[in-house]
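Trainee: Residues per chain are reported as follows:
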Amino acid sequence: MKTLQRTLISLMLLGSAIAQATPPAAPAGPATPSMNNWLGLHRLEQTFSIIGQSLYSYKANYLRQVTDLIRSIPAPNTAAGSEGRAFVLVALDPFMADLSSAYTQRMLLPHYQSMRAFLADQRGRGTLSDFPKSRDRVREALVMIKAALESSRDFVNETQELVQLRALTGQAGRAIAAEGDASEINTLVAMSHDTAARALQDSLVARGRTRGLGLTITTLMEYLERP
Amino acid sequence: MRTQLIALTILTSLSTASAPIAAHANLPGETQAASMGLAELARNLNRLIYLTRLVEQHIERMDLPRIVTLRSLSQGVIDSMNTAGATNMLTLQKVQELVIGFRFSRDLFAMISTQKTAQAVAEMQSIGNQIARASGFDQSPHTRITASVLGKMHELTVQMSRLQIPEALSQRLRQAQPAIGRVLSIAQTGDHASTFAAATDLLPQLRALSADLNQIASGNAAFMTAIEIQGLIEFYSEFAQINESSQGALQ
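Residue numbers (our numbering), protein chains in the order written: chain A, 1 to 227; chain B, 1001 to 1251.
Calculated from the structure, these hints are not laboratory results.
Just so we're clear, the structure is a prediction, and the values are computed from it rather than from any experiment.
C-beta atoms are modelled at their ideal positions from N, C-alpha and C, and glycine is treated no differently.
Heads up, none of these hints are tricks.
Listed next, the in silico SDA-like pairs over lysine to any residue satisfying Cα-Cα at most 25 Å (straight line):
1) LYS1116(B) with LEU69(A)
2) LYS1116(B) with ALA60(A)
3) LYS146(A) with GLU225(A)
4) LYS1116(B) with GLU45(A)
A partial selection of chain A residues facing chain B, derived with a Cβ cut-off under 10 Å:
5) GLN53
6) LEU99
7) GLY208
Same shape as in the complex, but just chain A:
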């Protein structure tokens, strides 16, 4: 009995000593690489799937398509894999920022933000403009634009413009996937500047339900426009 008591006391003292020796938690700021973040990156698809369960169906549908895109990117322990994932996470910023349910904000977004910050730090890319324009980035941008347009279709009056823009995005995506020339991208970007297409994007941003999707489309179109 006395032995047990002594062991317990020793354990308590040891715990107390460890607690005192542990430096205070670092102030909140850019995420630091941790085992959790590495594991999180490998489970990004599962994380998005869990987030999707708490979203309205049209937003869950968008995230599902983004998850499929992530699955097509190389493994996260490669440079191409982490760069691709970083791009998708940064491009998702406006969409994620627009999720306002208490549960999503409290339980899901911190995890996404932590991984996004970790990847962005790791790649040294805080915004979309930090990512060099490459065939892979363009492909990812086009998939995300197309998915955002599809998920917004129930909320727009400018259906014709939406269908046209989506078709052009699909064509450009196929051309890029087939390693063809990038002229389709120029057509898409030019079309996005049309008055009608501009009105469509503005109305998506103005509507509460599609603000995040609209901002995603606008920022990715701006990215595609870069030389």
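Got chain A sorted already, so can you dock chain B onto it with the hints?
Mentor: What follows is chain B alone, placed relative to chain A:
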């Protein structure tokens, strides 16, 4: 004498047209069933409040006010049942407000349903439908007094035109029937602006019958029917606040 009879007819019409549903609770042998219904209503309302709290965590800011309102309407019914009583008119009014809240939330429910909340949202809708059916407010969020009065009036005019009455009156009654039918079809959706507008047009035409109806002597078989038609016209004019100077397009 004629005025007193008309007043009596109004009372009869009112008592048959708007007998409160809750009055059944006072019928012999039905007290237990009614109280069981009320207990179930209270249970459903509490469940509804619980579900709104559950769902609230998963809905976006722009949809929050609607869910909070549904909860507040449910709580309003419970509070009214506790303070005024389950069969009080105020409670019935609160139930109707809740039913209206649900009626105009169908799109909202379709929107806010997520994989996580689908079951809770479906249960909320199911409870809302049950309350609507049980309260009898499921057909329309509006009262249906115009439809009730005009339906009765249409029946009486048809009935009267078959009796031994002066040809001029019979002709006027037949002429009025299609107009009553038209307003009646609008009134089927409840008492709202377009119903009152149509009724305002119709009323002068019906009032114009009064001179002929007054000619029916008390010994005539059509006397009580004439009195009843006049009573309904008076009652409805007062209900819809349509005064005698209102000019109808049909006249």
